[in-house]
Structure formats: C-alpha cells, structure tokens
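Engineer: Generate coordinates for the entire structure from the input sequences, incorporating the hints supplied.
2 protein chains.
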Amino acid sequence: MTSSEFTRGLLAEGRDTKILLVVVDGLGGLPDPRTGKSELDAARLPHLDALAASGSCGLISPLGPGFTPGSGPAHLALFGYDPWVHQIGRGALSAMGLGLDFRAGDVAARLNFCTVDAQGRVTDRRAGRIPTEKCRELCAKLGAIRIPGVEVAVAAEMEYRAAVVFRGAGLEDEVGDSDPQVTGVPPHVLEARGKASARMVEVANTFLDQARQLLAGEQPANMVLIRGFGRYPVLPQMGEVYGLRSLAVAGYPMYRGVASAVGMETVETDWHLDQELEVLRSHWDGCDFAYLHVKKTDSAGEDGNFELKVKVLEEVDHYVPQMLELKPEVFILTGDHSTPSIMRSHSWHPVPLVLKSPWAMPDGLPGFAERHCRSGSLGLMPSTRVMALALAHARRLEKFGA
Amino acid sequence: MTSSEFTRGLLAEGRDTKILLVVVDGLGGLPDPRTGKSELDAARLPHLDALAASGSCGLISPLGPGFTPGSGPAHLALFGYDPWVHQIGRGALSAMGLGLDFRAGDVAARLNFCTVDAQGRVTDRRAGRIPTEKCRELCAKLGAIRIPGVEVAVAAEMEYRAAVVFRGAGLEDEVGDSDPQVTGVPPHVLEARGKASARMVEVANTFLDQARQLLAGEQPANMVLIRGFGRYPVLPQMGEVYGLRSLAVAGYPMYRGVASAVGMETVETDWHLDQELEVLRSHWDGCDFAYLHVKKTDSAGEDGNFELKVKVLEEVDHYVPQMLELKPEVFILTGDHSTPSIMRSHSWHPVPLVLKSPWAMPDGLPGFAERHCRSGSLGLMPSTRVMALALAHARRLEKFGA
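Chains as they are written, first to last, in this note's numbering: chain R, 1 to 402; chain F, 1 to 402.
A hint or two may mislead.
[Unchecked claim] Lysine-lysine pairs mimicking DSS-like chemistry, simulated, CA-CA at most 27 Å apart:
#1 K399(F) / K327(F)
#2 K327(R) / K134(R)
#3 K399(F) / K18(F)
#4 K327(F) / K37(R)
#5 K37(R) / K399(F)
It is worth saying that the hints were derived from the structure and are not from the lab. As the structure is a computational prediction, the values presented were derived from the model and not from experiment.
Structural biologist: Below, the structure is given as structure tokens:
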C-alpha cells in the first residue's frame, strides 16, 4: 500500500454500506485546438453534470505530475496500491485476466501475433489485427510446443494479442521484450537483465523457435513477439486491507487480471455497458465494493477519434441512472488515466473524478469536465487516495486517535 | 533525486524536442496592503497574461509549506533534486560559479567584505557595497595568505562578495558562519559542528587572522566575514538522469554554479536580459534544455522596492515574445522562490508557474499572478516535479508499465 494507514486497524468492519467505483478508461482529455473544447466539454452529459453539482469533484493523478501510466499501474493506483512499489508485468496481468492457470512461481508474458518477411524483419507488429477467432486458432496451434521440464500454456486475448504462462524450476522474469516497437527490423534478441533469468531466456527462445516453425505457413500471422515478462504478483488482498467483499465487472481480460491480483472476485462478461450492468446487478447483493470498467473511451482516444470518445462518454452518461438505481452509499466515477484524443495515447494529465454520497460536499459545479473538476472540493490528489475517500464516505473508516 | 522514477529507465532518448525554463528569481510576491495588489497584479504583462490563458498554470513550492529556501536549494528543487537530501553549501556554489579550481575533497566558503570598528564589532556587513572592481583588488591582496599544508584560492564575486577554496588533507565542511547577521557585535567565533571539522576551523581561523592583518589599512572593507562552508557536491548529472543536453544562461555566478553542479553547460554572460537572450540564441541549436535566469526581480524584492520589481517584471514580459520565437516545444516561466517586496526577503510562499506546449491544458486564466495561478490545472505542487512535467510535455517520458 501507499501507506500503512489501513493496516493500522483503522477499519470499521461489519457495515452494510456499498461502494460503486466506475472506471471510465482514459476518461480525461484535452481541448481540440479548433474548438477549445475537450471531449468532456463537448459531450452532452446531463446525469454526470447533475452529479458534479450535487456531489464532490476533484482531479486525480495516478503517478504524479508528468508520468504517464499504463493500464496496470493506473488501476493499481486507483485500488490504493502505490504503482511505483507494486510493479506487475503486463504478461502477468493478461494471464490472470484470461483465466490461465497461473500460480506463484510461474512466469507469464504477452504475445503479439505479427508478420515477418523472408529475412525475419517485422513488417506488421499486429499481423493486420487478425480477428480474435483466428487468434484462438493460432494459440491452439502453439499448444504443440514442448519444452523439457517446462509446462507451457497459451491463451488468446483480443485480436492479435495472446498470453503465455511458463511453469518450471528456476524461472525469473527479468527479461527484455522481443518486440522491437518499430517495423523494418528483426525482433530483439531476448536479454536476461539479471543472472537469475538466464534459464527463462533459454526457455523463451525455445518457445520462439518452435512458434516460428509452427506458424511458418500462416499469413499474415507468421510469427509472435513476446513481451512484458512477469512473475505471479504477490499483493495485499483487498478483503484483508479494506475489509470489503469486492467484485470486478470488466469485459476486457486485462482489467479482470489486475482486479484478481488484488483479491477481487471477477466475473467474465462482454464489454458492452448494458451487459456489464446486467452482471453487476446480479452480483450486487453479494459484494460491498464493485468496480465497473468501461473500455471504449480509451480505445477511441488512442485511435484519435475525438467524436467517438464523445459518443462513448454520452453512452456512459446514459447508463448513470441505472448505476445509481443500485443505491450505493458511495458512487464514484473517474478514470484510470487520461487519453486525450489529440495525443492518441495515454497521458499524464490528471483525471476528473466525481463522488456522490450523503456525506459528500456538494460542489455545485456547472458541469463534469476537466476545467470544472479542478475547482472541486477534493482538489488535485494522488489516485492512491481514492479508496480512503470511498471508505470514509461509506462510514467504514474509524476515527484515528482518540 | 526526489525519487528513482527517472533512473528506472523511463526516459525516451533521441527526441529533438526542446525545453526552455525561464527562472525569474523571487518571482512571487504579496499584495501591498495599501493597494491590495501584488507585484504581478500591478505589472502590465500582456504576453504573460496571454500565456496564462493559452497555457497551463499552477503554483510550485520549493521546500513545502512554510519553509523559505535560499537560492541554492530553490534552484536544485527546480532542477528536480530534493533540496532536503542534496544540501550544498553556498560557498561551494559560489566557488563553482566563479570558475575557481574546485574539486572533490576541497571545501569552499563565501566571503563578505565588511567594516569593523576598533573593538572588532561589525558596523557594516557589506562594507558599503564596495564596487566589484574594489572587491577584485582586495581579493588579490588576500592572495598573500599562506597556510601550511593548505592551498588557498580567493576570487571576487559581485560587489562585497567573494569566495574562497581550501585544498588540503582532512578538511570537512561542518563549520558554522562567522557572519553574525546583525551589526554592533563581533563576528561569531568559528565553531566545528562535527569533530571531523576541527582542522577546517583551525585553517579558517588562520585565514581570518591573516586577512585581518592584510586589510587593516583598508576603508570601508577592513575585514571579511566567512560563511556557507561547503564541500564539492557530488550530484547526479542532468545528462544522465534526464537524457538532456542542458545549457545554463545566467549572468550571476552563483546560478552558473548550481547549474554546473548538476551537469549543465554554463556560459558566462552579463546579467542583462538582452545579453542573456543573445547568448541563449547563439547556443540554442546545441541544447535540448535551456535554463535562463533573471536576477533583478529578487534584488528589487529584497530591497523592498515594489515599483522596481514591477518594472523588472514588465521588462521580462517584454522579452517573452523573443523567448517564444525560439519555438521551444515546452516553455516554462516560473521562479525559484517568492521574494515579496513588503517582506524585503525570500519567503515560503508558493511561486506562480506557466507552461506552454501543444499538450498543455489551456487554463483560460484571466492573467498571470499568484491569485490566478492557484486555480490553474497544475495545482499546487513541489518544485521538484517541474522537470517531470517539462519532460512529459516534450514527449520525452515513456509510459510507465503496460
């Protein structure tokens, strides 16, 4: 954890209050220079605007000024874990999200199906974004890989993405990526960053050699890139730290992965909001804390599709009344990080947050957007502080000191 | 550094973006109670006001609430070095700024020429602010000082200020100042704050005895006060930490000293803004990061000259278009600390900052002043965070985690 406040016994257990945390991926944006309006400014958000008036608002920063987080660190921060301290390889998150049998001592990595030319140079790092169905078929093919003394499991994620889990003695995760990040060059030679990882490099090289042979006849996905080696993470569990029975509703596997790593119950679901809400409703009675993930804002931002991001935001707004219908004592809607469409990438900019509860200061802001939230009563704070606010407004944190 | 974020290899090198950091010394002020306006409120600043509308603003704090920094710590903080961790004696900074031969193991200190009466009591701590030329002459005179086993070098700084470097075995810098800070009393007896510094006290006392004899016939500068003992600092270098070729343009030697200590290239120049800008222009192509220092705002504030500080601020504003003409991807104008004219001293008050870049949230503030910047999107943050923001807006920081 960021700090030991929670484990100092501040927690009042046995309450029956509920917390709903809606994470709109890549929520924050920047103004389009032609209009001066950000995605949130441009979107018609009657329900979120009403919350910005009746609830408390602020901005949250996952890693502090200037640092842009990946999805893993950004989510860990929101769940209250210092992302500089608790580093998880993306492969580990993917493996968990895919439901692969992944245990302490195993090492996971991400696979990207890619296209290489006759000289072995990468010509497309995403193999033309092959459909998920094709990815599953190719993963089954890689099931034929045999490495002495090591168990290997491969599973498809979305489109060209997959994950692999290696189980065997002496496997460590200090290994660089083979993904060169650019095209026109061969994949990087795998490099052990620590002596203990030499065995992992040997195993991964065997895996890549056999994969090359198995995929030789395929087009466009005739090779894999491997990256994000990560051991199974050992993290404090939310049930113990916060005393909450926690539920994660996320359509995209990686987010179930990070939720599962901190001890949340995860439910497989499609990533459409109406289906996620359906799952949430059916599991609501059994949990104290639910995390609901909305992916498409981030994808739209990363594609530089300002209008689509606006549209997804309006869709989220449309579902807000259904979320509030569950009557959580604490409702928080925020993002894991910003993804300004004009940047086509994650960014370091702080993320708007709105919190509604009977104990929230009503800020009376004119709307839910970056420019308004910075005047909110919650100020600008680290994302790692959100869980304490959630617990406080749920009356689940005891007074500290007499 | 404040944290190890940078050294964790987050840095994307090889970019061709440029950062210009303009440090207006003692920038922040307080309202004159008669008008209710601070120096920044009172100044006519059309160009800075425009930046406050189109760029991102905030307030920065060098040492946290309540702590007033000297120029050394305030600058170290701006360059990203935790000033509580990296403490450099002011003498060390002066010695470096003056280009004295100053190496690892040496101890430097500042000298102030002063006036003492027949009883040895200090009657003027600045010897009537003797001209720099006179200071040089007196420093040459002190060149006659001989201490067995120790090399001594003295050099003039500005007006009554000079610096001395001692080189010899067993010299440590845990020594108090002789400057009593008030007049009417004798200089303090030098005090070793640690056992290891006894030899340094002995050497410095010998130096002061001989100085007293050599200056006996002078008027008004008939003695020196010694203060700010400091060993040569060993600091992480900006080139390694940030991957930046860095340039310091500062007319006043002390600021070149701190810049040089963190690995910036320094160029000797006059301290007039037009000449500093001339130097900046001629070196611009060869650097990724340039730091430009404006001294006279601080001097005016320390003299309690509100009107002069306003005038210097307006002069800075006049030069802003010339700074922007260099087309830095990131332009930041801020101060190292506040120097409110009504306090006639440095202060702890947070310092306004404006950042302009294509990726900066346009804050739309009505002007560049303390009262507006506190509503800016950058919030109130430690000065040590400025470099991360600069690198982020220059697209020089990689995403952290997947």
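Engineer: Taking the hints in turn, state whether each one holds.
Structural biologist: Cross-check of the supplied hints:
1. K399(F) / K327(F): Holds. K399(F) to K327(F) sits at ~25 Å (cutoff 27 Å).
2. K327(R) / K134(R): 42 Å, violated
3. K399(F) / K18(F): The given pair, whose Cα atoms are some 19 Å apart, holds under the 27 Å limit.
4. K327(F) / K37(R): Measuring from Cα to Cα gives roughly 25 Å; hence the hint holds.
5. K37(R) / K399(F): Cα-Cα ~25 Å, so holds.
Comparing the model with each earlier hint shows a violation of hint 2 alone; every other hint is respected.
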